[in-house]
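Chains as they are written, first to last, in the working numbering: chain R, 256 to 726; chain P, 7 to 210.
Rather than coming from a laboratory, the hints here were simulated on the basis of the structure.
Any given hint could turn out to be false.
Ranges of calculated distance between the beta carbons of each label pair, as one might list FRET restraints [stated by the list, open to error]:
no., chain 1, residue 1, chain 2, residue 2, range
1, R, G349, P, D12, 13 to 21 Å
2, R, G349, P, Q24, 17 to 25 Å
3, R, N411, P, G210, 44 to 52 Å
4, P, V51, R, R379, 27 to 35 Å
5, P, L209, R, R354, 36 to 44 Å
6, R, H422, P, P26, 29 to 37 Å
7, P, P88, R, G331, 25 to 33 Å
8, R, N299, P, A170, 19 to 27 Å
9, P, H79, R, K374, 38 to 46 Å
Beta carbons: idealized from backbone N, C-alpha and C, even for Gly.
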Amino acid sequence: MKTQPIDAFAEGMTAEMRAAVHEGSKIGHEKRTKLLFDHYANPNRLRQLAGEIKQHVVENLDTYLPALESRLVANGVRVHWASTAESACEAVHGILKARGARRLVKAKTMVSEEIELEKYLSDRGIESLETDLGEFIVQLDHDRPSHIIKPIMHKNRRQIADLFERHGLGPYDDEPAVITQRARQFLRHKYLEADACVTGANFMVAETGRMVIVTNEGNSRFCLAGTPCHIALVGIEKIVPADRDLGLFLNLLARSGTAQQLTVYNEFILGPRGAGQPDGPEEVHVVFVDNGRSDVLASECRDILRCIRCGACLNVCPVYRQASGHAYRGPYSGPVGAVLSPLMLGERFAEKADLPKASSLCGACNEVCPVDIPIPDLLLRLRDKAFALGIRSPGTPPMGAWAVLASHPVAWRAAMAGGAILNYLPTKLVPVRALRAWESSRDLPEWRGGAFRSWFKRHAKAPASGPNDHG
Amino acid sequence: MPDDRDQILSRVRGALSQLPKRAAMPDYDGAVELARSRARPIDPVAEFAERLKAVNGEFVAGPAELAASLRGHGWTTGYCEPEVWPSLAPHFDGSFAVSTEFRRERLDDYQFGITRAVGAIAETGTIILSDGASGRRLASLAPWAHVSVIPRARLYLDIPQAIAALGSDPNSIWVTGPSKTADVEGILIEGVHGPGAEIALLLG
Ligand code: SF4
Numbered sequence: 256m257k258t259q260p261i262d263a264f265a266e267g268m269t270a271e272m273r274a275a276v277h278e279g280s281k282i283g284h285e286k287r288t289k290l291l292f293d294h295y296a297n298p299n300r301l302r303q304l305a306g307e308i309k310q311h312v313v314e315n316l317d318t319y320l321p322a323l324e325s326r327l328v329a330n331g332v333r334v335h336w337a338s339t340a341e342s343a344c345e346a347v348h349g350i351l352k353a354r355g356a357r358r359l360v361k362a363k364t365m366v367s368e369e370i371e372l373e374k375y376l377s378d379r380g381i382e383s384l385e386t387d388l389g390e391f392i393v394q395l396d397h398d399r400p401s402h403i404i405k406p407i408m409h410k411n412r413r414q415i416a417d418l419f420e421r422h423g424l425g426p427y428d429d430e431p432a433v434i435t436q437r438a439r440q441f442l443r444h445k446y447l448e449a450d451a452c453v454t455g456a457n458f459m460v461a462e463t464g465r466m467v468i469v470t471n472e473g474n475s476r477f478c479l480a481g482t483p484c485h486i487a488l489v490g491i492e493k494i495v496p497a498d499r500d501l502g503l504f505l506n507l508l509a510r511s512g513t514a515q516q517l518t519v520y521n522e523f524i525l526g527p528r529g530a531g532q533p534d535g536p537e538e539v540h541v542v543f544v545d546n547g548r549s550d551v552l553a554s555e556c557r558d559i560l561r562c563i564r565c566g567a568c569l570n571v572c573p574v575y576r577q578a579s580g581h582a583y584r585g586p587y588s589g590p591v592g593a594v595l596s597p598l599m600l601g602e603r604f605a606e607k608a609d610l611p612k613a614s615s616l617c618g619a620c621n622e623v624c625p626v627d628i629p630i631p632d633l634l635l636r637l638r639d640k641a642f643a644l645g646i647r648s649p650g651t652p653p654m655g656a657w658a659v660l661a662s663h664p665v666a667w668r669a670a671m672a673g674g675a676i677l678n679y680l681p682t683k684l685v686p687v688r689a690l691r692a693w694e695s696s697r698d699l700p701e702w703r704g705g706a707f708r709s710w711f712k713r714h715a716k717a718p719a720s721g722p723n724d725h726g
Numbered sequence: 007m008p009d010d011r012d013q014i015l016s017r018v019r020g021a022l023s024q025l026p027k028r029a030a031m032p033d034y035d036g037a038v039e040l041a042r043s044r045a046r047p048i049d050p051v052a053e054f055a056e057r058l059k060a061v062n063g064e065f066v067a068g069p070a071e072l073a074a075s076l077r078g079h080g081w082t083t084g085y086c087e088p089e090v091w092p093s094l095a096p097h098f099d100g101s102f103a104v105s106t107e108f109r110r111e112r113l114d115d116y117q118f119g120i121t122r123a124v125g126a127i128a129e130t131g132t133i134i135l136s137d138g139a140s141g142r143r144l145a146s147l148a149p150w151a152h153v154s155v156i157p158r159a160r161l162y163l164d165i166p167q168a169i170a171a172l173g174s175d176p177n178s179i180w181v182t183g184p185s186k187t188a189d190v191e192g193i194l195i196e197g198v199h200g201p202g203a204e205i206a207l208l209l210g
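The following block holds chain R by itself, in its conformation from the complex (with noise of 0.2 Å):
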């Protein structure tokens, strides 16, 4: 498993680096605000509802899974399922095996991360490739992604330029219009020549089987316009009850995640393609993903289950943007894959036991969360767990010393004197690039040095343990 030392990025940051970090922050701040606030009369409303609408979901995933169930088989979709990872995977290869499919196009899915599906089929002789321009950036480097939405946030041109060079992709080149068109041809042919593609899903409708599918370089719609057969991973809290939810959440999704209106593409699918429709996949296959979720059920952190994947809290975490998403040794990073990596572990949870610890607890991830997560109560629920189990050390490495601070009231209160820590520890050390981009929302939180005060107050005397204890 690779991590990444925290201090690695903090390399080769110049004073101007510096100063376009602070300059891209607050751009991309304000470019969020403007987006959520312009449009909507009480955005914080919508967000709350979006929260009590998966949350409904979570907590009746019993009638709804069903219910999908039937609805994708009525439309035509041949459904699996898959409590773990292994049995994912089988699931996948089965289905190519039976095709006698030997090449894939996968289209950005965490959950084939999770379950490892490429080196599973690989072990069998199918090859999979990534289409996503970062994910096959990271496949042709065999790394792994760094963020949720933006894989390669810990790669810079010129290693991107060797890399492509090095694979015969052309000569070196370190424009970024360069790079993306070289990709563009390479990857055309392959959605062309491949036997079958793997997506993810954004959402499942429950009332009507449509598979909601969203990017921004078109490179799952042309998985479902180049391929024969599609295989969609899909973990099983992904469902919203009705078609008519979707407008809420697309909105919420493409807002927070990229600070878009709506995602260039949003696909729905209802099965396969249809009559007269010389493109796309005659067969579409659901393998719901289980794989550790039934035990976050169970456990007091269910809301996590809420997660929409728009990576905004990742964003705007100071210990994220410090420790890079390697340091969470995982397909999920920052404050969502501090809940979500240890609980899906089940019995393993202490291997992952610190990645809660390392958190300040600024209640920004909670802030900008689309679907209203509660994630510092439930992070703190984590280190009580942890702690009634008996696990001791707060994550030394690979979460490193900002782990330690974090988890250190007194010496995290003390650096913050001045109300100045976010101000200048993450904009120095967080890699310059992840800030000026178009589609940013990582925003610095507005720095509230008092609410923290007093919110860690009320919390470190009293640390939640219930599922009311929403301070």
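Using the hints provided, position chain P with the ligand relative to the given structure of chain R.
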């Protein structure tokens, strides 16, 4: 995997059985909750054109302007869906080479693809394609420029209206501007896998 199904559902039921009470579905009106606060009355066509421009798309007023725009960009070789070609052809002179048959193996030869859209969304500058009404999926995706010909009567004001109109086509897709990425150092690049140019023409 029938065993996996039973196992997952029984674990889910087990996990939920501890709950004293389940969270209820909130009672809300999607259209109302999502209504944007609008200071002025909306001219849907103007709104659509403005929003499309805001996402780096291009709005053209008619077939003649479309031909001029394509020529201006130097895109003279392309595909046009046979259903719409008769209404456009008179405006495309001999400098164009337009085919009404799309060949998968000639994917890279088309500089543009002209297809129908089933509709559009004014508040977001979005065009809507579907299997049943928009020709083949590759034609609107693979060429560098995609032109959609949108029936004026199907210009929806907002997202809730467009959701309500989704219907039962096996595949619909909303496209809002050119394909884009910011994966490389956060710099915006258009034309990643899909079109680098999205052009919309309202007809009818
Ligand atoms: S926890 Fe909330 S903010 Fe974080 S990725 Fe999930 S939905 Fe987005």
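**Message:** Verify the CB-CB distance for G349(R) and D12(P) against the hinted window 13 to 21 Å.
**Reply:** 18 Å, holds
**Request:** Can you let me know if the beta-carbon spacing of G349(R) and Q24(P) is within 17 to 25 Å?
**Result:** For Q24(P) against G349(R), whose Cβ atoms are near 34 Å apart, the range 17 to 25 Å is violated.
**Asked** Is 29 to 37 Å a correct range for the gap between the Cβ atoms of H422(R) and P26(P)?
**Response** 57 Å, violated
**Message:** Range first: 19 to 27 Å. Now tell me if the beta carbons of N299(R) and A170(P) are that far apart.
**Reply:** 25 Å, holds
**Prompt:** Do the beta carbons of P88(P) and G331(R) sit within 25 to 33 Å of each other?
**Reply:** 28 Å, holds
**Message:** Range first: 38 to 46 Å. Now tell me if the beta carbons of H79(P) and K374(R) are that far apart.
**Reply:** Given about 44 Å between the Cβ atoms, the range holds.
**Item:** Status of the given 27 to 35 Å range, CB of R379(R) versus CB of V51(P)
**Value:** 54 Å, violated
**Item:** Supplied distance hint 36 to 44 Å, evaluated on CB atoms of L209(P) and R354(R)
**Value:** Holds - the Cβ-Cβ distance for L209(P) and R354(R), about 41 Å, lies within 36 to 44 Å.
**Item:** Outcome for the supplied range 44 to 52 Å, where the beta carbon pair is N411(R) and G210(P)
**Value:** Roughly 49 Å apart at Cβ, these two residues keep to the hinted range, so it holds.
Violated hints, in rising order: 2, 4, 6; the structure is consistent with all others.
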